[in-house]
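Participant: Line by line, the protein sequences give chains A and B.
Numbering-wise, the first sequence is residues 1 to 426 according to the working numbering.
Numbering-wise, the second sequence is residues 1 to 426 according to the working numbering.
The hints are simulated quantities; they were obtained by calculation from the structure and are not laboratory data.
Everything hinted at is true.
You can't tell identical chains apart in this list, so a pair holds if it fits in one copy or across any two.
In the SDA-like style, the derived pairs of lysine to any residue whose C-alpha atoms are separated by at most 20 Å in a straight line are:
{"no.": "1", "residue 1": "Lys-38", "residue 2": "Pro-228"}
{"no.": "2", "residue 1": "Lys-370", "residue 2": "Gln-417"}
{"no.": "3", "residue 1": "Lys-348", "residue 2": "Arg-187"}
{"no.": "4", "residue 1": "Lys-38", "residue 2": "Leu-295"}
{"no.": "5", "residue 1": "Lys-38", "residue 2": "Tyr-15"}
{"no.": "6", "residue 1": "Lys-38", "residue 2": "Ala-233"}
{"no.": "7", "residue 1": "Lys-38", "residue 2": "Gly-229"}
{"no.": "8", "residue 1": "Lys-327", "residue 2": "Leu-78"}
{"no.": "9", "residue 1": "Lys-38", "residue 2": "Arg-264"}
{"no.": "10", "residue 1": "Lys-122", "residue 2": "Ala-418"}
{"no.": "11", "residue 1": "Lys-38", "residue 2": "Ser-294"}
2 protein chains.
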Amino acid sequence: MNQSNQAAPAAPRTYPDAHDSDPVRLGWMVGAPPPRDKIISFTDGSFNTFPKSRWALSNYRQLVPTVAVARGGPVHDLPYALRDDLDAVTCTPLQPSAFAGPMTWEESLYANYTDGIVVLHKGRIVYERYFGVLTPDTAHIAYSVTKSFVGTLGAMLVADGRLDPAAPVSQYLPELAHSGFGDASIRDVLDMRLGIEFSEDYTEPTAGIWNFARAGGLLPQPPGYAGPGNFYAFLETVAKNGPHGQGFRYQTAITEVLAWILRRVTGQPLEALISHHFWQPLGMEHDALLTVDSLGTAFGGGGFNAVLRDQARFGEMMRNGGRAHGKQLVPPEVIADITRGGDREAFKVGGAPTIPGGSYRNMWWVMHNKHGAYSARGIHGQAIYIDPTAEMVIARFASHPLAGNFNFDPTSLPAYQAIAERLLQG
Amino acid sequence: MNQSNQAAPAAPRTYPDAHDSDPVRLGWMVGAPPPRDKIISFTDGSFNTFPKSRWALSNYRQLVPTVAVARGGPVHDLPYALRDDLDAVTCTPLQPSAFAGPMTWEESLYANYTDGIVVLHKGRIVYERYFGVLTPDTAHIAYSVTKSFVGTLGAMLVADGRLDPAAPVSQYLPELAHSGFGDASIRDVLDMRLGIEFSEDYTEPTAGIWNFARAGGLLPQPPGYAGPGNFYAFLETVAKNGPHGQGFRYQTAITEVLAWILRRVTGQPLEALISHHFWQPLGMEHDALLTVDSLGTAFGGGGFNAVLRDQARFGEMMRNGGRAHGKQLVPPEVIADITRGGDREAFKVGGAPTIPGGSYRNMWWVMHNKHGAYSARGIHGQAIYIDPTAEMVIARFASHPLAGNFNFDPTSLPAYQAIAERLLQG
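One chain only, chain A, in its complex shape (with noise of 0.2 Å):
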């Protein structure tokens, strides 16, 4: 889950700040047991309200059965060359935004609900801060970055030739031949260029985003629910609306589409994917995890959970090329192909109106802008940004109140380019 499509608002703050809904000092689930006030539970969906939810992206796999994405072998070392300098760079805000006047690094974090932050500079951790419940040991979850996970393994494939980007989804999965997804290309998948009926509009109760939700596990089924009890159920279920091939729209079943997929070319489940080619080779500190539907199945839409330094890891990767430690692990070719960017015209149909020019690619956000900087972007604050020119990584999980990057765009991405500025000043 994700960007929402719509505008951004001047959003008037009507939710407590991060200092209020801080769920250390809100003190939830503390206890044996937790008195009866503070706890915070699945079945009734308190989990997914705000400030809950505060908690409960640090507790994820608590509420929800899910699946190892095993690391492996020795942990690789994340240097630190801490520095003490960052805290009082300046940017920014853009407009509109609640936050107006120019505001330091730090004030972003809190503007932003961070939960917890990582910047390395040249592969060395320069920043690195944690909020709230989040602990470096503790596995947030990543919900949309999980996208950009999937689309590196799916461009993975395409480099291999085991996917053909001009075939049909149909070739594939023939259970889809019928639903909407069946005649898009396998590019069109991994671009999100795809023309069916599903709504991604957090602010809309009846959107398709919250039964694909509940097909999934995500959210608690109401009695007597008769919808589909599975990812694979619910993606059968979804109609066509509109050609492929033209404007990008962002929906989150796209995603589960490119997972099916990758299970179906490779007979390996996502998780397995995962670590094969990046938990266990990055010499991971622990293992991450996947939520999974009623059949097991991963969340390949925004399941991820990992702990935050692991995350960098993977940025760190990336930044160098889809090398890490003498190993290539994403061929050279879906790097620049992330970076070379997708259609920046079939962007502005359905694109973050935060990221002007902007484009997507194999299922990461790109930037275009002067520091050729990509990120996975998620719901809530979520991502891992990547800035080529600055050799920086930002990894970043938060709890933000509101659903969609728009809200938290403002106050984040001049934060990163202010870092980045002053990371190559020296």
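Got chain A sorted already, so can you dock chain B onto it with the hints?
Facilitator: The following block gives chain B in isolation, referenced to the frame of chain A:
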């Protein structure tokens, strides 16, 4: 869950054997999606029926929510010194048993429906084997092996003076003052010598253990379920049915009380304690995990899941007097207290008929055999078996069709002893 107190039956084999019940052979949960008749589900309870259980015990985390037991730091190497002479070592099963004659070590693994086994000799892996869907990177549920982690932590708090073995449970848990546990001493809790109303007879559908499992989220709660919804609520309902401090009676609910006491005394959840004391300093390969109830409370009586080599690393630390990698993780007096054993007269009351002359101390099974062996033991064949004389540690996961160690002790304990004697020969 573990050990029933019943006499060992000369059970006729009424289940498919290890080969015919192999979960890979049966194709459970393979495919995207799996065929309808190959799906294993939590909600219908099918995961808990043999032979589907052979898949489920290696995949518990995708059936129920869990919390992480975080590893940390560099991975500590577990060196190899593999031997090819162990498969042919022979032993004679205890009688009565379904197996009359001598069998080889390798045959014993199949007789016990072994999913994986590691044998360490002087800290090196001399034997390692995986069956079915288990891999070196897959966490298997350890069931009542969990109790020995909890018991060790309890004994460590006693050694630190933070827990008074003579104090009643109600001193730490006023909530249980009016339950059957209230006036039991901590010592009696650690050694399971309580007079409470709780049946652990797995052949009895109305036994307390099943209500306990439903309360703790280990079994599905049927529609309209109105029983206790978490471990705490269940424990308050347990009544007294006799004096404490008498015979040993194996009851999983007692470990849950101890786990609650650990939380109360330390202010830390169980997962944090196991992580801090064992999983981080031992340089484990993978994060472990614990199943949780609806409040996120870890199942101290049986919810631990880990990979086999990490279980072996824990056993090796115990064998080395609580030391590992230059650190004293468990005080030597705790190890000595366990190896010395508990009250052997008390053990006669409800102990295992397959461990004549044995005892139970700090939630470890003490063999009182000529090698001074002791063991953590779980239902369906989980074990960490420590033989100080042979300098041997065995870690095993299994998915035997029958519940209770008496069903597979006849083909396990003599096999362990035979391997120990072979290793002693050099």
